[in-house]
Amino acid sequence: MRDANLNRRDFLRLSGLASAGVVLAACGTPPAPGSDAAAPAADAGASAVVTDTTATTAAVAVKDVPREKTLIIMFGGSQGQFIDVGLGNPYATGASHQMGNAALWEPLYYYSAFADEYIPWLAESYEYNADYTELTIKTRSGAEWSDGTPFSANDVAFTINMLITNGLDPDAAKIRNSTEVSKWVKAATAVDDTTAKLVFNDPRPRFMFSHLSSKFDTGIYIVPEHIYKDVEDVSAYTGFDPAAGLPVGTGPYTIAAWTPQQKFIDRRDEWWALKTGFVAELPAVERILVLPTADETTMAQMVINNEVDSSLSLLATTIKQVVEQNDKIITHTGRDLPFGYIDWWPTSFWFNCAEGAFADKNVRWAVSYTIDRQQMLDVALEGSGILTTLPFPQYAGLEPFFEAAKPLLEKYNTAEHNLEKAAERMALAGYEKDGEGFWVKDGARIEDIIGGWGVFADIGPVLGEQLRQGGFALDFQMPADHGTQISEGKEHIWLNGHGGSINDPFDTLDMFTSKYYQPIGTPTTYNSRFQNAEYDAVLEEMAKVPSDDPAYMDLYLQALEIFLDELPDCPVQQFLHRIPYNQTYWTGWPTQDDPYVNGAFWHLTFPLILQHLKPAA
Amino acid sequence: MPLSYIVRRLLLVFLIIWSAATLNFFIPKITPRNPLREKLMEQASRSGYIPPGFEEMVQSYEKKFGLDQPLWKQYLTYMWDMAHFNLGYSISGFPKTVGELIGQAIWWTVGLLSLTTIITFFIGTLLGALMAWSRSNFIFRQVVPSLLVISAMPAFIVGLLLIYFVAFKWKALPLGGAFGATTLQNWSVSFVLEVIKHAILPALAVMLTSVGGWAIGMRGMMVTVQGEDYMTFGEAKGLKNWRLFYKYAVRNALLPQVTGLAIAFSYIVSGSVLVEVIFRYPGLGSLLAKAIRELDYFMIYGIVFILIVAIGIAMFIIDLIYPLLDPRITYEGK
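Protein sequence lines correspond, in order, to chains W and Z.
Per the numbering used here, numbering through the first sequence is continuous, rising by one, with the last residue being 617.
Per the numbering used here, numbering through the second sequence is continuous, rising by one, with the last residue being 1334.
Warning: the hint list may mix true and false statements.
In the EDC-like style, the derived pairs of lysine to aspartate or glutamate whose C-alpha atoms are separated by at most 16 angstroms in a straight line are [said to hold, decoys possible]:
#1 W/Lys-421 - W/Glu-447
#2 W/Lys-361 - W/Glu-424
#3 W/Lys-406 - W/Asp-202
#4 W/Lys-275 - W/Asp-481
#5 Z/Lys-1063 - W/Asp-233
#6 W/Lys-490 - W/Asp-549
#7 W/Lys-421 - W/Glu-436
#8 W/Lys-63 - W/Glu-382
#9 Z/Lys-1029 - W/Asp-193
#10 Z/Lys-1064 - W/Glu-424
#11 Z/Lys-1063 - W/Glu-68
#12 W/Lys-320 - W/Glu-382
#13 W/Lys-515 - W/Glu-541
#14 W/Lys-186 - W/Asp-171
#15 W/Lys-544 - W/Glu-134
#16 W/Lys-515 - Z/Glu-1194
#17 W/Lys-328 - W/Glu-68
#18 W/Lys-361 - W/Asp-202
#19 Z/Lys-1064 - W/Asp-233
#20 Z/Lys-1169 - W/Glu-424
#21 W/Lys-183 - Z/Glu-1056
#22 W/Lys-614 - W/Glu-410
#23 W/Lys-515 - W/Glu-180
#24 W/Lys-138 - W/Asp-193
In short, the hints are calculated from the structure, not lab data.
Between the sequences and the hints, there should be enough to build the whole structure, so can you do that?
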């Protein structure tokens, strides 16, 4: 009877046959979709060929650009890789303008907060009707999309109507700005090729600034009607195909290649602004190379070693070392403290006003009196920060509002460190200290975490320790799900910025109206869960009044008094962007001596920086 | 080799894969985190601006990924997809699929770690053999063991030291990445050389910290083998030193090392996570670290499932071939 066991010789024979079979099969297998299959160069000038990273893009030739004509910046991604590769449509879910794409998209107006200056771009002028229910915009003649199609008022009207349609469709995946635009705007029409008219449901005196001007990260992206009119689901449309010239924008740059590790954005010399004489010359930067963010140490090393021209802002202690180790590196304040500029994101302690100890305004005020902001500045930031008394960035447009608030701030001093006043407030809230010096009520301490993002890794622990010494059993942490926690109301005190007001206080104050209130466990956009009917009414009135109307200031002060009395938000510091600028290859960065715009290249105002950069040589 | 043995082993492999895949599904779900909201919230927080309609965006995204379904339904869908190697879309890399992203990353990991593993294996095995051999040079018996203290250090610490001194201070090698920042991927000789240059430091970090393990293992086996009768007989017969060393001692001591090598290869697909992260190497380790950080369920499922299958197959093959390699080992204990 034949032995059923497989002997050694048979096994080796079978293994050999199987291996040969696998090799033969592999030779005959066509490449899988999306596999890297190099194609020959398209023309003699090309020195490298992009390999496919998605199934939909064809290989295109990418030209050689020397380092001295390349601007290398570091921003975005996760763990060293971009997570939005191939999302050329700015409205696609997950897309972002922050990784260089702002160079492709131009707005109707730019706004520079430092100069408090409006810069007309794709629009020449605008006008409201008497009661701010209609807005007429004159678009610029001669502007063109990158495929040669003229830019017109039709594109503006189309974009607004696209947002309205998306916002009103209950089944559509929501895209950026569609929710509020669909609530505020009735319709948009193109009266002629250079005139767009928006009709609002209510007076909207701030819409031109808040939504149709690009500043920091806010501003509607105007998209080409001739391409997007055929798109069914804007949220899912990737809009990226270099061979077909996508994405189409009006800016002087186009995406030449995009991999998880790199994005090559090349200048296109057929830019409408040069053709029409709107600008005298093309930007000197021929290529923008965007790399994903690395950890703080690696970014610092790469900037010091001239491998990167600018990066995400660094912590106070890091930027100091970076400047010291390379004399070509400057910041907004040159090579001096505080090594940065005020961002639109002032830092506060935010409170959950609906639940827990901080639902009591006396406890919130006690926190404000307990922390020593100057000590925090000295210890955590080595003296390189700027404190604030209000949750607004200290920009030119907001200075009058800071000034007008001074009498109120004498009564409600948000800068004061006073442990006696803190104790008075805690007593009013029904607390007393236990044997270990912690505040206790009904046998329970105020024991919790102070949540925060990584950017607060410097000040968070110091503030946490101050509060601990002041009797609050709090501990600063940076939970991975911090965003979810604050959205659902599961954290009760956290550090955060605002991303609201830029030239008038409305946007920040509006964040504390009860329209954003949701019960604990239900997510919401602005998370203080503060509710005050009187405050809501004042803000409702403010929304209808232009900021240069004298009544606006009165309403502001009324709202501010309620805000300061209740203190749903405890101001701590102005948030500084400590961005390194390496001048080895490029000069013309925005600094305090030439503050033409804020220097964050990841903001929508990036094109203004590109216009100013000149080769160092 | 009895057929029944093969069938039993195969069933055991399937059982192991199914159990591990089930754990793989449920463990990330233990946390109440919502990866979609976190992904969008992180993007929004970077811009300092949370747009209205944010929650609607999150909900529509959840529907796209099937995360609004009951858990049992998600589990069944997951098992069906895994059985068909349909790894789905990545949450953090949407609209890319998990397969696409793994396909881009795996070659970097396999390329780096397979060569590193082979080189480390040979060097470590040889060093271990020489450390135990009584007639080897003083350096191998006294000096080399003290250098193995580096193996006790975590690879990422060694990596950070290499980056700081070799790349940052001396600028002798790149700071990180798989190739130069200004270089586009292509298959030219210059690109390949650049890849090799960028791979030196991460490979060195792995090699320095793992060579000790191979060496110590081999040394232990050599000590055992040197006490065998056939070694005494060989010496008595007057065989040359190199013959005794290679043909008698090393050859017999090598078998457990080969087993270890096979297992080590199966672990390659998981990458050396921390080394890839600190060197910004775009391999599976970096992908897995990112997926865990962002709770990209489908990416975690995909990478871990591949690892489970790879290890299962490796163990299965080892179980089958071991008795063929060493006739002293039988299938049924006859």
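Now the hints, each set against the structure:
no. : hint                   : verdict
1   : W/Lys-421 - W/Glu-447  : violated, 21 angstroms
2   : W/Lys-361 - W/Glu-424  : holds, 12 angstroms
3   : W/Lys-406 - W/Asp-202  : violated, 33 angstroms
4   : W/Lys-275 - W/Asp-481  : violated, 49 angstroms
5   : Z/Lys-1063 - W/Asp-233 : holds, 15 angstroms
6   : W/Lys-490 - W/Asp-549  : violated, 40 angstroms
7   : W/Lys-421 - W/Glu-436  : violated, 20 angstroms
8   : W/Lys-63 - W/Glu-382   : violated, 45 angstroms
9   : Z/Lys-1029 - W/Asp-193 : violated, 54 angstroms
10  : Z/Lys-1064 - W/Glu-424 : violated, 53 angstroms
11  : Z/Lys-1063 - W/Glu-68  : violated, 47 angstroms
12  : W/Lys-320 - W/Glu-382  : holds, 10 angstroms
13  : W/Lys-515 - W/Glu-541  : holds, 14 angstroms
14  : W/Lys-186 - W/Asp-171  : violated, 20 angstroms
15  : W/Lys-544 - W/Glu-134  : holds, 13 angstroms
16  : W/Lys-515 - Z/Glu-1194 : violated, 56 angstroms
17  : W/Lys-328 - W/Glu-68   : holds, 15 angstroms
18  : W/Lys-361 - W/Asp-202  : violated, 34 angstroms
19  : Z/Lys-1064 - W/Asp-233 : holds, 13 angstroms
20  : Z/Lys-1169 - W/Glu-424 : violated, 55 angstroms
21  : W/Lys-183 - Z/Glu-1056 : holds, 14 angstroms
22  : W/Lys-614 - W/Glu-410  : violated, 47 angstroms
23  : W/Lys-515 - W/Glu-180  : holds, 13 angstroms
24  : W/Lys-138 - W/Asp-193  : holds, 9 angstroms
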